[in-house]
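A.B. asks: Guided by the hints, dock chains U, S, W and E onto chain F, whose structure is given.
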Amino acid sequence: GRWTHEEAVAEVRRRGSGFVWIGLHEPNEDQINGIAETFDLHELAVEDAVHAHQRPKLERYDDTLFMVLKTVRYVANKTLTTNSEIVESGELMAFVGRDFVITVRHGRHAGLARVRRQLEETPEQISLGPAAVLHGIADHVVDTYLDVTEAIQDDIDKIEAEVFALRTKVSAEQIYLMKREVLELRRAVMPLAKPLQRLAEGYTPIVPEQVRSYFRDVDDHLTTVSERVASFDELLTTLVDATLAKITLQQNTDMRKISAWVAIISTPTMIAGIYGMNFEVMPETDWAFGYPVTLLVMLISCLVLFKTFRRNRWL
Amino acid sequence: GRWTHEEAVAEVRRRGSGFVWIGLHEPNEDQINGIAETFDLHELAVEDAVHAHQRPKLERYDDTLFMVLKTVRYVANKTLTTNSEIVESGELMAFVGRDFVITVRHGRHAGLARVRRQLEETPEQISLGPAAVLHGIADHVVDTYLDVTEAIQDDIDKIEAEVFALRTKVSAEQIYLMKREVLELRRAVMPLAKPLQRLAEGYTPIVPEQVRSYFRDVDDHLTTVSERVASFDELLTTLVDATLAKITLQQNTDMRKISAWVAIISTPTMIAGIYGMNFEVMPETDWAFGYPVTLLVMLISCLVLFKTFRRNRWL
Amino acid sequence: GRWTHEEAVAEVRRRGSGFVWIGLHEPNEDQINGIAETFDLHELAVEDAVHAHQRPKLERYDDTLFMVLKTVRYVANKTLTTNSEIVESGELMAFVGRDFVITVRHGRHAGLARVRRQLEETPEQISLGPAAVLHGIADHVVDTYLDVTEAIQDDIDKIEAEVFALRTKVSAEQIYLMKREVLELRRAVMPLAKPLQRLAEGYTPIVPEQVRSYFRDVDDHLTTVSERVASFDELLTTLVDATLAKITLQQNTDMRKISAWVAIISTPTMIAGIYGMNFEVMPETDWAFGYPVTLLVMLISCLVLFKTFRRNRWL
Amino acid sequence: GRWTHEEAVAEVRRRGSGFVWIGLHEPNEDQINGIAETFDLHELAVEDAVHAHQRPKLERYDDTLFMVLKTVRYVANKTLTTNSEIVESGELMAFVGRDFVITVRHGRHAGLARVRRQLEETPEQISLGPAAVLHGIADHVVDTYLDVTEAIQDDIDKIEAEVFALRTKVSAEQIYLMKREVLELRRAVMPLAKPLQRLAEGYTPIVPEQVRSYFRDVDDHLTTVSERVASFDELLTTLVDATLAKITLQQNTDMRKISAWVAIISTPTMIAGIYGMNFEVMPETDWAFGYPVTLLVMLISCLVLFKTFRRNRWL
Amino acid sequence: GRWTHEEAVAEVRRRGSGFVWIGLHEPNEDQINGIAETFDLHELAVEDAVHAHQRPKLERYDDTLFMVLKTVRYVANKTLTTNSEIVESGELMAFVGRDFVITVRHGRHAGLARVRRQLEETPEQISLGPAAVLHGIADHVVDTYLDVTEAIQDDIDKIEAEVFALRTKVSAEQIYLMKREVLELRRAVMPLAKPLQRLAEGYTPIVPEQVRSYFRDVDDHLTTVSERVASFDELLTTLVDATLAKITLQQNTDMRKISAWVAIISTPTMIAGIYGMNFEVMPETDWAFGYPVTLLVMLISCLVLFKTFRRNRWL
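Chains as they are written, first to last, in our numbering: chain F, 1 to 315; chain U, 1 to 315; chain S, 1 to 315; chain W, 1 to 315; chain E, 1 to 315.
Next up, chain F with everything else stripped away, as it sits in the complex (with noise of 0.2 Å):
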């Protein structure tokens, strides 16, 4: 049949090995209350547990570790626009102990059904108690940060094809955008760091010696999402810098190309305007070639206006 948790627990201390995970989605005070009272849980983790909006940190409050870590899902989105939102966080908060884990999740996409598969599908991990569970997790959040750097990627390739193409509309606004994105995907990620170095490095008895190497494998993964998360940013700024320059670029060629047009039509104009004076004594206007040569002249006139800015690479 079911256990409550105060059975479950129970029977794992008579017994004297293994140990309990029970697994909360956005509990309310009272519903976590009871588990923290049978399990000691200090009053300032399980305020942080209920209220959310934390920081990823590691906290030891006697036999229990507490951890925060951020979730983070990509969100597809046709176009950004200032509401829109590409990193969608949530929050996985744990108390492991000597004999028990406590998940407690926040926001919708932090499911934990594949980390529970994959440590039932490896007896001799979960030999190694709480701890592994907590390793399990770690690995599979950090694993959604490599495919949402990922995600993040592809759209900055869409953005810098769309910046150096011929002539689309470049947007400053995708830039800043996405920039912002990077901005928050950079708090959930960092400060996740030091917590894994210190599971690394033996922090607490919780972590027995053997999975301390898997921290350590998980703190490496991190560092390689910390590092392109952190050249994001970097060519994001060289992109917008990178962008105006394109754009004051485009602004020169057309201008030119525009003025240097009025320029040619208004060298025909202004003769034409000569020939239309009233004067009495006009020679050319009673010579009855006068009329096509002056056309003659205006063609020519243009020509050489076009052949100079051409070579002026205006045209």
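Just so you know, the hints here were simulated from the structure itself, not pulled from any lab data.
As the structure is a prediction and not an experimental result, all values here were calculated from the model.
Among the hints, erroneous ones may be present.
SDA-like cross-link-like pairs, simulated, lysine to any residue; straight-line CA separation at most 20 Å [said to hold, decoys possible]:
hint, chain 1, residue 1, chain 2, residue 2
1, U, K257, S, V115
2, U, K257, F, S171
3, F, K158, W, T81
4, F, K194, U, S213
5, S, K257, E, L303
6, E, K57, E, G107
7, E, K194, W, T223
C.D. replies: Just chains U, S, W and E now, with coordinates in the frame of chain F:
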């Protein structure tokens, strides 16, 4: 009846338990000197407490802690000008001894009534002594930081929306003034990290073991604030660049459009000029359909130009 | 009567209490050599004291401290040019031994009269020995830094107001020159932090326990100065970008307006051109109301264009 | 005859001297599992070796070192597009034990033939054991970094020359793509510093005393590479800004020139317009020299404008 | 007579005092090998000494110090092009043992004659042994850094003056090339700090107590150089932005002016166009004063426009 502070402290010391909390608001030297003598406060700290304009810090003089915190308040502004302030700051000093807390407030918005009420409602907190008061104050101050960052986040969201709206007046001024205020907020927030860490690490016997993890919690919230403030900074910098790119793009679009129209109009003007010439021999002018055909030519040339410019995306 | 410095130091050493304070202003090598011998000053420090152009530092040679401080003075300028200086800097060196202080001043504005007067008014300070003099000097110098940062703050406020005023000439030059001066101020201020911290931490037995917290206080003020200088730096960088954005926006507005007027005017010109053509058969020209109707058409077309441009916010 | 790796390692262990070097290229799990068992390699390291996409690192599992290096190759491109790569990267992993080296290569360009040849030519190196092989590999990899930075330096020189040439098309795209590649190179180079420093400082007994200074030497070369890469970064950032300044200047020159010509031409057009008016009474039109004098006035007005614009440096 | 280096070192070792100083200029391997054997120099250091292109560093091989310094020389350039160099760099290596100094120079401008002369003039320095020579060299090299920074300061002053002059051609190229050279100088200067600090802190018994404070002095000068170079960097970055702002402002002023003139001229052209129309009934044309009044209207409309533009600061 009311106690003088000398009587209060004498009573407390007689009983051997409890503590005195004295709250002062912008005291002058005379007002503070008596208190300083009674509680044996260090001259430098007293001077700091009177003159304000200190940066956040924690000092230890013999048995007494002296802590300075910057309080901030968000001031809503319709429109920002170079004279308007978004973040109004004040100061809060606290002398903490074994059996007393003396708080000194500078500026309008540093009321501690809420802190006092909360403490009075949790006797187990008060029983931890003066350090619990210091924690209450620090917690309250950092909470107001969080509120202010949220308000600023809203402001930045508004500016973003304005910058990227289709045709509103983009104002570099707004962004700059926002940046200026964020820098000021940073100056209030950042230096507080070290004092809080020290208090959490058992810098002084005045802060008992149990209270330390509370300070760690406050420090955690401060780090959240710091990270937000840092990302405001980066966002605003990128926003200035994105604004510039947007204006330049807008400029290109506008000028190209107007110039293109001028170019279109100048073509029939040129043709009209030609037929305005006063040559004796101009066969077309004698032809009955000369006028309507010329009008047609003008129209067609305008249409061709219009189509061409459309294709080039200039119109 | 007046004492030579040898007599003074001999007297002090005979009495076994008190100390000698010798003040020099831009001494040459001859002037300082005698003193150097009497007080057994280290050759490298003496060389530094004569040649100036040192950066702030604190050196310990056997029993003698050698400290270099940069003094600064704000110079009010009507308008900034590439040759004008806002921050004029000088130097102040101090040799501090068990029973002597030798101060060497370089530059006009490093007078220590005020420091001497203040010390003479507080005998309990003087009784702390030469270290109290060193504190007095450091305190005075850092106070002048504060004054200078306030003056610069005013200058930056003025520049801000100018940049964002509706139609004043924005000068990138002013901002750049301000930045240059802020960088120079930073070079004077920043390196002083380490010496002050060392003095506060008991780097040398010459500085007695009681004086250390005074140096901590001075270091605190220096940190305030450093933070301000750092934020000037950032503000000016952002200000250059904001200025650029503002000019570009202004340019767009101006050019759009003029070009729109040119476009409006070119429409009646085109119409006039058409009725200036010399075709034999132009029915309108024979019509009695041709002229006023054409004028009306011109007027209407101008009005329509004007309205359209207004709607587009081009006028 | 050929040895299997089991026979080889058995032989080496029987003799008590020498070591086995096994080289693998993109092995799958089956291929590596046998080897992993023979040499008792740690599961996490083996996984890393199969899947690649690791960042440079050094791990110690019991008696075995596991090192990951990024190999890079410069790819010459005629013109850069968003799809082209300048820096192609691969991976090189090495397991180093007391009596064996196992190298795993990923990517085309990570051949170790040259390293093997060099080692075979210097028996005194080989006698230092597996660590000498590790040094040979690290030295070789860092040498290729140096080659790549030199090729990139040439590319940047070319871009510089183009940007500042009189009238070539300046491409912000090229600079941006260069920056992107430099960032990627940096991600390969920077993380290698710590592993090399550790090897130089005697992190593990597998690296004997004599080999350590060789690793220090390699680390030295890596620092040279790092500094170059860092300066590429800064140069490219400045280059984008300088390019923008150059385009803007060019734009100003071009537009000023064309507009000035349009202004010059519009003056005779206006004069011609005046004498094209059909007033009954226009004395000049009846005057015999009216026409040539008007032409002269037109010419002179053009010349005067031309001179004025020249003086203003607009032409 | 002349000594071979073997005889010299044998003599020195026989006497038990003094030391040998051997100076080499770009030696090939043969030339250095004999010396390396005599003085037992480490193979890696010897290799570095032959091949040059090292970065500044300090290595200790058993009893021998090996130090690399970058020498720099300012090259005056009329105008900067992408090929011109402002900072020409060479290298200076020194092997320092208990009783010998071997200096190796690469590049033209690294003469040590002056150092040798100065040392010969101060026998008390020479008596401190080889370390005094190393100090002499380091002091000399850092002095040349100071000279170069002063020359660069002058160059930057000149560029500043040019950028902010009223109408000179602002060249982003000059600023960029200056930045490039400053980056190169930085690469020579910065890495020397650590070696000097080590020598000042008693890293090796070869440097006796008395010489250490001299190295501290050299390190002080190097810090001055570093700070200047760092501020050059920042100034040049700001200068590029300020230049861009200046060009944009200039562009706005120029284009506004020309466009305003074109707008002014197009008004009488339009009026002339109207009276050039060929309507039968145009009362004004028959009026005797039609022509002069029209001319007057044209003039007045031009003046009104001129005044309006002036008021708007467009002219």
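A.B. asks: Hint by hint, note whether the structure agrees.
C.D. replies: Do the hints match the structure? See the list:
| no. | hint | in the structure |
| --- | --- | --- |
| 1 | K257(U) to V115(S) | violated, 69 Å |
| 2 | K257(U) to S171(F) | holds, 19 Å |
| 3 | K158(F) to T81(W) | holds, 13 Å |
| 4 | K194(F) to S213(U) | holds, 18 Å |
| 5 | K257(S) to L303(E) | holds, 19 Å |
| 6 | K57(E) to G107(E) | holds, 18 Å |
| 7 | K194(E) to T223(W) | holds, 14 Å |
The structure fails hint 1 only (numbered hints given earlier).
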